[in-house]
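6 protein chains.
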Amino acid sequence: MATAPSRAEIIIGALPFIRDFSGKTVVVKYGGNAMVDRELTTAVIQDLILMRLVGMQPVVVHGGGPQIDQAMKTSGMQPRFAQGLRITDADTMRIVERVLVGEINQEIVAWIQRLGGAAIGLSGKDGGLIQARKAAPVKAPDGQLVDLGLVGDVARVDPRPIRTLQEAGYIPVVAPTAGDETGATYNINADLVAGEVAAALVAEKLVLLTDTDGILDRQGRLLSTLTRQDVERLMADGTINRGMLPKVQACLTALKAGVRKTHIINGTRQHALIEELLTPEGVGTEIVA
Amino acid sequence: MATAPSRAEIIIGALPFIRDFSGKTVVVKYGGNAMVDRELTTAVIQDLILMRLVGMQPVVVHGGGPQIDQAMKTSGMQPRFAQGLRITDADTMRIVERVLVGEINQEIVAWIQRLGGAAIGLSGKDGGLIQARKAAPVKAPDGQLVDLGLVGDVARVDPRPIRTLQEAGYIPVVAPTAGDETGATYNINADLVAGEVAAALVAEKLVLLTDTDGILDRQGRLLSTLTRQDVERLMADGTINRGMLPKVQACLTALKAGVRKTHIINGTRQHALIEELLTPEGVGTEIVA
Amino acid sequence: MATAPSRAEIIIGALPFIRDFSGKTVVVKYGGNAMVDRELTTAVIQDLILMRLVGMQPVVVHGGGPQIDQAMKTSGMQPRFAQGLRITDADTMRIVERVLVGEINQEIVAWIQRLGGAAIGLSGKDGGLIQARKAAPVKAPDGQLVDLGLVGDVARVDPRPIRTLQEAGYIPVVAPTAGDETGATYNINADLVAGEVAAALVAEKLVLLTDTDGILDRQGRLLSTLTRQDVERLMADGTINRGMLPKVQACLTALKAGVRKTHIINGTRQHALIEELLTPEGVGTEIVA
Amino acid sequence: MATAPSRAEIIIGALPFIRDFSGKTVVVKYGGNAMVDRELTTAVIQDLILMRLVGMQPVVVHGGGPQIDQAMKTSGMQPRFAQGLRITDADTMRIVERVLVGEINQEIVAWIQRLGGAAIGLSGKDGGLIQARKAAPVKAPDGQLVDLGLVGDVARVDPRPIRTLQEAGYIPVVAPTAGDETGATYNINADLVAGEVAAALVAEKLVLLTDTDGILDRQGRLLSTLTRQDVERLMADGTINRGMLPKVQACLTALKAGVRKTHIINGTRQHALIEELLTPEGVGTEIVA
Amino acid sequence: MATAPSRAEIIIGALPFIRDFSGKTVVVKYGGNAMVDRELTTAVIQDLILMRLVGMQPVVVHGGGPQIDQAMKTSGMQPRFAQGLRITDADTMRIVERVLVGEINQEIVAWIQRLGGAAIGLSGKDGGLIQARKAAPVKAPDGQLVDLGLVGDVARVDPRPIRTLQEAGYIPVVAPTAGDETGATYNINADLVAGEVAAALVAEKLVLLTDTDGILDRQGRLLSTLTRQDVERLMADGTINRGMLPKVQACLTALKAGVRKTHIINGTRQHALIEELLTPEGVGTEIVA
Amino acid sequence: MATAPSRAEIIIGALPFIRDFSGKTVVVKYGGNAMVDRELTTAVIQDLILMRLVGMQPVVVHGGGPQIDQAMKTSGMQPRFAQGLRITDADTMRIVERVLVGEINQEIVAWIQRLGGAAIGLSGKDGGLIQARKAAPVKAPDGQLVDLGLVGDVARVDPRPIRTLQEAGYIPVVAPTAGDETGATYNINADLVAGEVAAALVAEKLVLLTDTDGILDRQGRLLSTLTRQDVERLMADGTINRGMLPKVQACLTALKAGVRKTHIINGTRQHALIEELLTPEGVGTEIVA
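Residue numbers (my numbering), protein chains in the order written: chain A, 1 to 289; chain B, 1 to 289; chain C, 1 to 289; chain D, 1 to 289; chain E, 1 to 289; chain F, 1 to 289.
Don't read these hints as lab results, they were simulated from the structure.
Just so you know, these numbers come straight off a predicted model, no measurement behind them.
Incorrect hints may have been included.
As the list claims (entries may be wrong) - In silico BS3-like cross-links for lysine-lysine, where the CA-CA straight-line distance does not exceed 27 Å: (1) B/Lys73 <-> B/Lys24; (2) B/Lys73 <-> A/Lys73; (3) C/Lys73 <-> D/Lys134; (4) E/Lys73 <-> F/Lys73; (5) B/Lys24 <-> C/Lys24; (6) A/Lys73 <-> A/Lys261.
To be verified - Far from chain F, by Cβ distances over 12 Å, these chain E residues were calculated: (7) Phe17; (8) Val36; (9) Leu53; (10) Gly55; (11) Phe81; (12) Gln83; (13) Ile87; (14) Val96; (15) Asp213; (16) Thr227; (17) Ala257; (18) Arg269.
By construction, the Cβ of each residue, glycine as well, lies at the ideal position given by its N, Cα and C atoms.
All chains should be built: construct the whole structure from the sequences, respecting the hints.
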C-alpha cells in the first residue's frame, strides 16, 4: 500500500520528466476503440489536463471507426473496406464528417472542459489546418486497383490554428477530416494525421494510444525500443502489418520531421500516458530516429 | 450601367460606414433557409470576408433547420414540433449536433477559407463558449405544458474563445449547440444564441439574415425602424409572432446588453449585408434602444 | 443608374484589391496643378482616407510649382528655369521652403484632418528623413553647363520618421525639401522624392498623380503597361521627355528597390486613386519591373 | 579656472536634478528674438539635446515675431498691432504660417538634427494637435474694440501627436499656428501655446526663454519666486504688463493644469536652460502654485 | 510496494492541487535546524524545483541560528539571548550578516542551481527589498527591559526585487537581514520576514518548515486546523509559546494581508512540502483566516 | 573659481560623452583598498548612480582583500600567499565567501540604495552567473609548483542574471566567488572576473579602479594609451608585473571579446569615473584593441 510519504516521493520522482517536457508539444492519438470505456476515457482526459498543467502542450488527434460503423448501421448503410481502409462514397463521407466532427470531437472537448481543462475542437478544415488530397487506389488481393473514394492523404499542414489555441491556453482536439481546393471533403486515417501534425509542429513526442501493448515480434513478445531501420526491416518481413502499418508510418513521418521520440502504447491501461511521460517505467514500443 | 468613374464614387461612398465600424464586432445570424442557394451563400461569404478586410470583426452564428429535417428523414426519424420549437429527444439531439457541428458549421468554415478568408468553427462546447440550461416547457394550444426535451436556453457566454480567434485573425463561426454541467447536450435556437453572443461581446451590431424583408405591419408594409417599446407593443398585439419572435427576442437581449443597433434583413437578397453595412440604403427592419 | 443592389456588388468587387493591399504601403505623389481644384482635392483626400481605413498605408509626397511661382511673383521675384528645372538661389529657396512646408503641406494635412483622417506633415529635414546633396549642373541648349543653385538630389532616406507616424495611425505628408550636412537647404523634384521614399520603404506601389492620362506614344495613344526596358527605349527615342522624365525616373528608382508596381495616372479625374487601386479598371500607365 | 577634478564635481552636482527630472516632460518656449544670435541658438539646441540624453522629455514651442516682420517688409506689407498684438488679415496670416512653419520651425529642427539630436516639427494642424478659435477683440486706448482678424486662442490640445514623437525618440518642435473647424488658420501667441501644451501634457516644468532676466519689481529688481497670488496682485497693480502678460498667463494656465513649476528666464544667457535645470543656481523668475 | 500503475495514479492525484496553485506564490520559510541534514536539504530543494516546474512561484526565506552560533564560537564570541531572541551587538551583527548572506543563502542558491533549478539570493538590502527598524526592547523575567541591539522589525517590504526575479524564472532566496535609513544593519527573525514577505506579495500560501509536527495542544496532540481566533486564544493561555510565537505571528501577519492559508509543518519529514501541497494528506497545522 | 555660467558649460561639455555611452554597458571593477575611505566610496557610488541616470548601464565587480585579511586575523587565521595569490583552504574560503558576499557586496548595495540608486548583489553562484574551475598551480621562486587550493578561474559566464537586473533598473553588484559542478566554492581574482563579465556582456568599456595612476613606464611616467601589442611587450620585459598583471589580463580578455576600450585608473581620485567617462580629460591608462 502506498503510504503518504511515498506518495510525495513518487510525485517528486516525476521531477526530471516534467523538467524535460516543459513547454514541449506532445501529440496524442486517442482512438475510437479506446473511447468506448467511460472510466478509461476519464483517465485519459485527466492525463491530458495534467500534462497541460505541468507545462506540456498536448494536442489530441482522434479517430472514430466504431462510432462511424454504428452511425452507418443506424442509417441503414453498409460499411465497405478494401485492405482495411474504408471505401468512402459521398453518403458515407457525410456520415463520417458528422460523426467525427459533430460527435466524437465534441465529446472529447466537452469532457476536458467538464474535468476542469480548456479545449477547442478543430477539423482539418478549420483555419485551413489540413489541406487534403485524394489517396491513391489500393491493390486488392485479386490484383485489381480499388478506388477508395473520399479517402485522403495529408497534402499540407498549417500549424497556425493549433498555435493560436495553444497560446491562448486551450488544448487543441483535432478530427481527421479535411478539404481540398475543389471543395471535396476527405476522411484521413487518424494515425497519419497525428504523424503529420506532430511533424508540422516539430513536436517533442508523438504518442499513439492503441488497444495492444505495442509492436510484438513473431513470438508475441513486446519490442520496447526500435530504430527507423528496425521498423523498416519489420515492415519488409511482415512482422508489422495491417492496422499497425499506419501507426508505424505516422511515427516515421514524425521522426523524419525532427520529432524526438514516438510511442505506440496501450491506451486501455489506466493512465498509460502519465506512466509513459512522467514515470521511469516506459511502456509499449518506442520508435526513435 | 455603372461606368468606371461611378464605381470609384460608390466605393468612396462606403467611407463613412467603414470608418464607423472599424474594429467593431458585428454578429451575423445566417440561417438554414438562406444557405440552400449556392450563389447566395457565396455572396454572404464574400460579404463576411470584406467586412473583416475593411476592419470589422464579423462573428457568424448559424442555424440549420432544413438540413436537420433532411437528416432525420434519411435516418427514418419524424421531426416533431410544439409551438414551432423542435421536440428534441436524445436520438434527435445526436442528429442535430452532428448536422450543425459536423456538417453546416464545417461547410461555412470551408467556404470562407476557399474564398480567401480565414475561419474556425466553434460550438457552444468549445472552450466553454456557451453554458446551456434546459428550456422551460411550452404551453400547447390545448393548454398542456409540453416538455421540449433537449432544447436549451443560454445560461452563460464566455467570450474568450471568440476573442482568441478574432485576435488571431480568424472569423469565428458558431453552431448553436451547448452542454450543461451534467454533460447533457442541448439544441438552442440560433437567433437566441446570436443575441446572447452579441450581448456578451457587447457587439456594435447584430444582423439577423432571414428570408423575409423584415418586420411587417398588419398591412404587410415593412417597418424600417422600431424602438424596444414599439417591439414590445407589436409582440403584445400579435403583429410580431411565430418565427419572428425569437429574432425579436435576440434583438432585445442584445440591446439590453449595450449593443448599439440590431437588424432583421432579407438574406435572400444578394449582398444584403454589405448593402446594410456599407451603403446609405438601409434595408430591412432596424430595432434600436 | 446604379441601383442599390449594384452598389453592394460594386463594393464587393473591391474585395480582391483590398485583400491584396492590406497592410501595404502605397506612396502617392500629389502635385501642384492637381491641387488647384477644390472639388478634386476633396476627392483625393477622401481616397487617401479610404485607403487607410481599408488597411493600406498611404504616404503622400507633394509638389507645389504653381504656388511657388505665385509666391515669387507676389514678392516681386522672377522664376528662372533651365531645362525645365527651377534655378534656385538663396532667396528663391527661402520662398520655396516657406510655400512647400509652411503652406501646401499644412493645407493637405489640415484637409485630411477635417475630413476625418489623421495626418502629420514632414519635410526632408524632419527627423532626418531625407539627406540631400547638390544636383549636378544641367546642360543648356547652347551646350553650357548651368548651375541650378539649391536644387538637390536625394542622397539618403531614413524611413523611421515615416514608420513612426504610420504605426501611430497618421498619414505622413512629405514636402520635397531637405538639408545637407553643411546646413544648406535644397529644393528637390517631388517626383524624385516620391520615387526615393517608395524605394526606401520598399512600398507596394508608387502612384504619381499628374494632369495627363499617362505616357502616350507618338500618335498620342495611351500606353497602359510598360516594362523597364520599354521605358528606357522610349526615353532614348525621345517619346518620353520633359516633365515626364522625372516621373519615369522615379518609377525606375522605385522598381529597382523592389517596389512591385508604379503608376502614372490622371489626378484630374475624380477618385482616380480608388479607381486604380480598388476597381478592375486600370487607368493611366503602369510601369513594372 | 575650472580644473579637471572640479569638472567632474560640477557634473556630479547635476545628479539630484537629473534624478528628479528623469522621464519628465519640460516644455520650453524659445522665442524669436532669442533666435537671432547664432551662438546662442547653438547653446540652446545643445541644452535641449542634453536634456533628452539625461532622460528628460523636452518639447519646444517657438515664436517668430522679428522674422515675420522681416518677411512682411520684403513682401511690401506693413505690420499693424493693437495692444501689442499683431492684427492679422488673410495675407498676413499666409506670411505668418509660411515663416513660422516653413522657415523657423524647419530651422530649429534642422539645427537639432545637425548637432546630433532627433527632432520633428509640428504645427497645431499636424495630427490635430491644436484646435484654435478666434480670439476676442481687444480694447484700443481710445476705448474702441479692435478685431484682430486671424489671431486665435487655443480651444483644445490633443497630446497624442507629441506623445507619438516623444515615444519614438524625437524632440517635438511646435509652431504656434492652428486651424479651426471651418478651415481657417490662426496665429496664436507662442507663450500661450506653450502654456496650453504644458497643461495638456501635464508637464513637470514650463520654461519661457525671454530676453530679460525675469519679472522685475518697480525698482527693477528681479523677483525670483512668485506664487499665483503674487502674480495676480502684480498684474492688478500693473507691475506685470505688456509683453510679460502672455508669459505670465501661460504660467498660470500650466500651473492650474497641474504643472509643477514654471519659469521665466533670460534666454540670452548662454546655457541658461541647463543652468536652471541642472545646477543649484536658479535663474530668472519662478512662478509656482 | 507501489507498482507502476499506482505511480501514475498517485501522480494524477496531484492534478487538482497543481491546478489550484498554478501561477500562485508560495512563501516557504526554511530554517536553520532543517538545513543540517544533507539528505533532507536535497529533498527540500527538489520540492522547490518541482513547485516551480508545475507552475507555482516559490519564494524561500531562510534563517540560520545554528550556523551563526557555530561561527561566533569559532570567532571566540559568546551568543547571548533574552527571551529567546539573540542580543545583537555590532560584532555579532557582522557575523550574522556574513553567515546568513555570505554562507547559508549562497548554499541554498547553489544547491538549487546544481539540482537543475535557477535561483538568485537576496537580502533585505538588495533592491531595497526590506526596510528595517529597531525592535522594541524585551522584558526580562526580572521585569527589566533588555535592549536587543541590532535586532530589527520589518518596517516596509518592496516586492519589486522578488517580482523581477520571479518573472525572469529565478526562485528568490531571501536572507533575513536588512538596513534602515541610517545605514545600520539589522538581524530580523526569519519567520517574521517570511510572514511580511508573504503579506507584501499577497501570496497564496505561507509554509513554515520547522522541526516539530506543528502546534500541539496541552496534551501534546497535533492541532491540524486553527482559525485566527483559536490562535489568539492559545497564545493568551500560553499553549502557544516560545519559538512557536514568531511562527504564529508570521501566519497572522500574512493572513491579515490576504494570504489564503498558512501552514506550520515538520520540515524534517522527507518531501513534507510536496506532501502538504500536492497530496490529499494535509500535514502539520494549518492556520486560516 | 567656477562661476555659475561655467557650471552649465561644464555640464554641457559632457554632452558628446553621454551621447556616445547611452544604453551601453560599462563594467567597473571597484576594489578593496579603494573602499576604505568613506568619502571616496561615496564619490564612487554617486558616479555609478549618475552613470545609470544619464543612460549608461554600469555593472560593478568588487574585490575585498584587506577586509578578508582583517576577518582572518579576527578569527586567528594567518593569510598565506604564493606569487601574490592567496592560498585558499576550505576554512579560508568560508571566510572569503562570507566577507565578499555577506559584507562587502551588501555594503556597496546598501550604499547605492541609500544614495538614491537601485542595486542588487550577485555572486557567481546566483543564477549560475559564473561557473568556476580550479586554477592551475603557480610556480614558486624555488621552482616548485604551489597548489593554491580553492582559487578558481572563470570557466563560463551566463549573462542572463545581469541582464535581468539591468532591464529591471537595478545596478548589478558582483562578488568574485563562484562554484563548480562538484559543489566546491572558489575565490577568483576580481580583476579577472571583471574582464570576463565585460567580455560576456560585450560591454562598451571596462574600467578598473586601482590605487595607482595607471601603468607606468620604467621611469615612473604614466603611459596613457597602450595597444594590445604594447601591453604584451611590457609584460614580456617585466615593466608590467605583480598586481598589475591580472588587471592587464582582464583588459586583454575583454578586448578580445569585442569590448571597445579598457581603462586602468586611479580610484583614489574623487569622481575619477566621471572624469574618465564624461569629461575630455582622460585619466589613467587606456588599453585599446
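Structure-based check of each hint:
{"no.": "1", "hint": "B/Lys73 <-> B/Lys24", "verdict": "violated, 41 Å"}
{"no.": "2", "hint": "B/Lys73 <-> A/Lys73", "verdict": "holds, 15 Å"}
{"no.": "3", "hint": "C/Lys73 <-> D/Lys134", "verdict": "violated, 30 Å"}
{"no.": "4", "hint": "E/Lys73 <-> F/Lys73", "verdict": "holds, 15 Å"}
{"no.": "5", "hint": "B/Lys24 <-> C/Lys24", "verdict": "holds, 22 Å"}
{"no.": "6", "hint": "A/Lys73 <-> A/Lys261", "verdict": "violated, 39 Å"}
{"no.": "7", "hint": "Phe17", "verdict": "holds, 28 Å"}
{"no.": "8", "hint": "Val36", "verdict": "holds, 16 Å"}
{"no.": "9", "hint": "Leu53", "verdict": "holds, 17 Å"}
{"no.": "10", "hint": "Gly55", "verdict": "holds, 20 Å"}
{"no.": "11", "hint": "Phe81", "verdict": "holds, 22 Å"}
{"no.": "12", "hint": "Gln83", "verdict": "holds, 27 Å"}
{"no.": "13", "hint": "Ile87", "verdict": "holds, 20 Å"}
{"no.": "14", "hint": "Val96", "verdict": "violated, 9 Å"}
{"no.": "15", "hint": "Asp213", "verdict": "holds, 31 Å"}
{"no.": "16", "hint": "Thr227", "verdict": "holds, 38 Å"}
{"no.": "17", "hint": "Ala257", "verdict": "holds, 24 Å"}
{"no.": "18", "hint": "Arg269", "verdict": "holds, 25 Å"}
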